[in-house]
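Q: Okay, here's what each chain looks like letter by letter:
Number of protein chains: 2
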Amino acid sequence: MPVNVKKTVRKIDRAVRKGNWDAVRGITQSMHPSEIASLIQASSQKEKHLILEALDVEVASEVYFQLNPEERVSILKLMGETSLIAMAEEMESDDAADFLGELAEDVAKKVLEAMDPEEREEVTPLLKYPQDSAGGIMQTEVLKSPHDATSRETIELIRQIEEEDEDDVEDLHMVYVVNETGRLVGRVFPLKLSTAAPDSPLWTIMDPVEITVIPEMDQEEVARIFRKYDEVSLPVVDNAGVLLGRITADDILDVISEEAGEDIYKLGGITGEGLHPVHTSIYDNVRLRAPWIMLALAGELVLAIIIMQKFQTTLENFIVLAALLPLVMATGGNVGVQTNTITVRTIAAGDFFKSQIKDLLLGELKVGLVLGIISGILGSLIGLLLNTAEADVTRLFLVIFAGIVGATLTTSFLGVAGPLVLNRLKMDPAVSSGPFLVTFNDIFGSAFYLFLGAALL
Amino acid sequence: MPVNVKKTVRKIDRAVRKGNWDAVRGITQSMHPSEIASLIQASSQKEKHLILEALDVEVASEVYFQLNPEERVSILKLMGETSLIAMAEEMESDDAADFLGELAEDVAKKVLEAMDPEEREEVTPLLKYPQDSAGGIMQTEVLKSPHDATSRETIELIRQIEEEDEDDVEDLHMVYVVNETGRLVGRVFPLKLSTAAPDSPLWTIMDPVEITVIPEMDQEEVARIFRKYDEVSLPVVDNAGVLLGRITADDILDVISEEAGEDIYKLGGITGEGLHPVHTSIYDNVRLRAPWIMLALAGELVLAIIIMQKFQTTLENFIVLAALLPLVMATGGNVGVQTNTITVRTIAAGDFFKSQIKDLLLGELKVGLVLGIISGILGSLIGLLLNTAEADVTRLFLVIFAGIVGATLTTSFLGVAGPLVLNRLKMDPAVSSGPFLVTFNDIFGSAFYLFLGAALL
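For the record, the sequence lines run as chains A and B.
Residues in the first sequence are numbered consecutively from 1, following the numbering used here.
Residues in the second sequence are numbered consecutively from 1, following the numbering used here.
Fair warning: there could be bad hints in the mix.
Stated by the list, open to error - Which stretches of chain A does chain B cover? Using the computed rule of at least three CB atoms under 8 Å from a CB of chain B, they are:
(1) 153-163
(2) 258-264
(3) 291-303
It should be emphasised that the hints constitute simulated quantities derived from the structure, not laboratory data.
Cβ atoms here follow ideal geometry from the backbone N, Cα and C, with glycine treated the same way.
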């Protein structure tokens with residue numbers, strides 16, 4: 001990262017305004033694509049696409065994917081078709097497919113038609129897979145060689161490809177071995193290829209392929225497989241076992257980070273992806289955050305109505321119950337959020353069995369009970385000290401204690417059950433189960449506590 | 001994964017009780033290490049180490065790292081020293097270092113001393129780095145070759161290593177080129193090695209090494225570099241540039257997942273790592289979760305005292321304020337948790353500049369204001385409808401409205417400032433900033449709201 005971002009931005013800004021594109025290239029020459037992307041993001045809105053277009057197309061197509069997803073779309077709209085075509089041709093197939101997916105439909109169609117036929121052929125099969133499937137993240141550029149080819153012949157094949165496009169070969173970490181029908185039958189590590197006797201056919205030096213993925217598989221599942229089997233690259237095959245492409249671990253880094261970010265956002269009560277704290281507009285920001293705020297608001301309004309309709313007299317007579325209401329709500333909510341977090345994370349990690357659900361539920365209920373008892377005793381004792389009404393001490397203790405324990409037990413149950421039920425319904429366990437839980441606790445936990453107060457005091 | 005886990009566990013259970021170790025090996029033979037680990041985790045406590053010891057040592061050492069970290073320690077305690085030594089020798093250096101780190105100190109010392117000298121030499125330098133540093137996750141097994149060696153000589157070198165230990169070579173994705181003093185000067189992709197003319201010296205075919213990491217670097221920072229530069233493997237060098245080891249993307253998959261999990265847990269108010277919902281004891285579970293529950297409890301107790309001391313009369317006269325207290329608290333808390341989540345995530349992604357802090361803060365305050373105004377209007381209107389006391393309508397509206405807007409503005413500010421300050425203090429931005437924020441909001445948000453009530457009504 002250059003020492004002074006602001007200064008560099010100003011320098012580029014001056015060059016752009018003068019139309020001095022050579023200067024832009026010069027300033028960014030020794031920078032990494034992700035650094036250039038940071039600079040573009042720090043530049044003024046009207047100049048972003050001009051900077052990108054000024055770059056060499058190889059650099060531009062790398063910089064593009066380092067830009068914030070929100071930015072990309074607005075930059076694309078301003079770019080000329082010639083630049084778009086050049087960039088799409090320069091990209092690897094998986095990137096080109098994503099790139100086309102981010103263009104307006106009619107523009108994407110034009111760009112695809114204008115592309116070099118060979119490049120078009122590589123990218124077209126990818127367009128049919130969703131972006132978050134194995135097919136959507138795979139590259140079709142694979143090194144494949146027939147099982148009866150010798151090591152020497154395979155090296156010759158690689159050399160030919162290398163001459164055509166040097167960059168491609170370096171990033172291919174594996175030689176895949178296929179039979180006559182294109183079915184994947186084995187793989188050869190490049191190092192093994194170089195040390196093998198030149199005349200040995202591949203089938204004598206290849207390793208079996210133990211793990212493959214199909215293009216329809218969800219990228220989260222693919223990430224799980226990568227983690228489980230510690231692989232650096234995995235082949236993608238169709239149902240007949242024909243090799244379609246490959247996915248490398250560095251693609252999966254982004255998948256894992258993305259999915260974790262989505263879970264974090266959902267647990268924090270933010271729907272929708274791609275919210276950027278600085279680049280997203282206030283309007284979109286509110287739109288993405290309001291649903292859960294409004295949902296909770298509705299819940300709390302229901303609670304307010306219940307309190308006014310049913311428990312007004314109780315509260316007026318025993319104002320200490322009102323003073324401790326926040327405590328009852330917070331304790332139940334906090335224990336529930338913890339349990340919910342643990343359950344969502346456990347499901348995401350995919351490392352527990354159905355047979356363990358009972359253990360999980362019982363364990364969380366026990367922990368919730370212990371935390372509830374400790375909090376309940378402390379809360380009730382302070383409640384007794386603060387009480388100014390003429391309430392029976394034992395009864396007041398009981399109301400507060402039972403209110404707190406009841407809340408923690410309920411939220412412990414919901415914290416396990418909520419995500420598990422969502423998961424069983426094929427919904428995302430993280431999707432607002434936390435926010436729902438807190439609101440539910442606020443209503444029912446408070447109502448139970450005040451009901452006890454009304455009944456016993 | 002075998003179709004029926006329970007059935008397989010029962011089969012293994014029978015074999016273990018009969019001491020039929022061949023049968024254990026037979027049952028697990030065609031299974032992947034992570035599947036065997038799942039089986040061990042589903043087995044009874046007393047049998048786990050017996051199953052692990054019954055496996056072939058290569059399999060056992062792979063299975064070991066697929067076990068839940070909590071489980072490992074308890075299993076290790078029951079294992080014989082001979083098995084421990086054999087496993088340590090079998091592992092790659094980074095795994096062996098982690099393994100030794102998980103043993104009791106005296107046992108680790110004994111095992112290290114008893115290890116094969118060559119293996120010991122590989123693992124010893126790693127023991128000095130923290131587990132979560134680049135040094136702690138790197139492997140010392142690297143393929144290095146002098147810069148003046150020819151491609152043919154290098155292949156011959158690899159062939160020799162291959163004959164000694166076939167497995168090692170396959171996993172080495174890069175040939176690192178070093179000068180006379182061991183300094184890293186370039187890298188050669190294996191495929192390039194095989195296609196180069198046999199007599200070309202490495203320095204003529206090598207690529208420059210643009211990115212290296214030092215062993216002291218935090219693993220989170222290493223993960224960020226991997227993501228930024230889309231690399232599959234990176235070399236680790238000391239301050240003088242001498243090659244020490246390498247890190248591959250598949251190691252980073254676990255790092256990213258781990259770190260994201262820690263952030264999720266911290267945001268959910270759970271301190272400490274490695275909490276497993278089923279395997280962690282109730283005692284440890286409570287111990288890891290109680291701190292934040294107790295902290296919040298203390299905060300809510302302070303609030304209860306404030307309410308009883310300062311606002312008792314106000315509440316008794318205007319019970320509607322008590323009925324809406326949960327709403328004020330929840331709205332402020334929810335908006336704050338969203339902002340906090342966004343800020344923590346933004347810091348973790350490392351993709352924004354210091355110069356953007358102002359934009360971030362202003363943006364969040366604007367969003368908080370809009371959400372506060374909407375919630376404030378709705379909340380106040382319902383408050384007016386529910387009110388049973390003889391309060392001035394305008395004033396009551398103002399109290400509720402300003403209470404809600406005040407709370408959302410405060411928590412929006414804290415949601416940005418909290419994580420940023422923690423980060424500046426070199427502390428983890430996620431560390432309970434959410435829980436702190438909610439408690440802070442409960443106390444001061446409520447106090448402000450009730451103060452307005454006392455002053456205006």
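Q: Confirm or reject each hint.
A: Verification of the supplied hints:
Counting residues of the segment 153-163 of chain A whose beta carbon lies closer than 8 Å to any beta carbon of chain B gives 4, which meets the minimum of three for the stated coverage. Three residues within the 8 Å Cβ limit are the bar, and the segment 258-264 of chain A against chain B gives 4, so the coverage statement holds. Evaluation of the coverage hint for the segment 291-303 of chain A: fulfilled, as 9 residues show C-beta separations to chain B shorter than 8 Å, against a requirement of three.
Violated hints are absent here; each numbered hint is respected by the structure.
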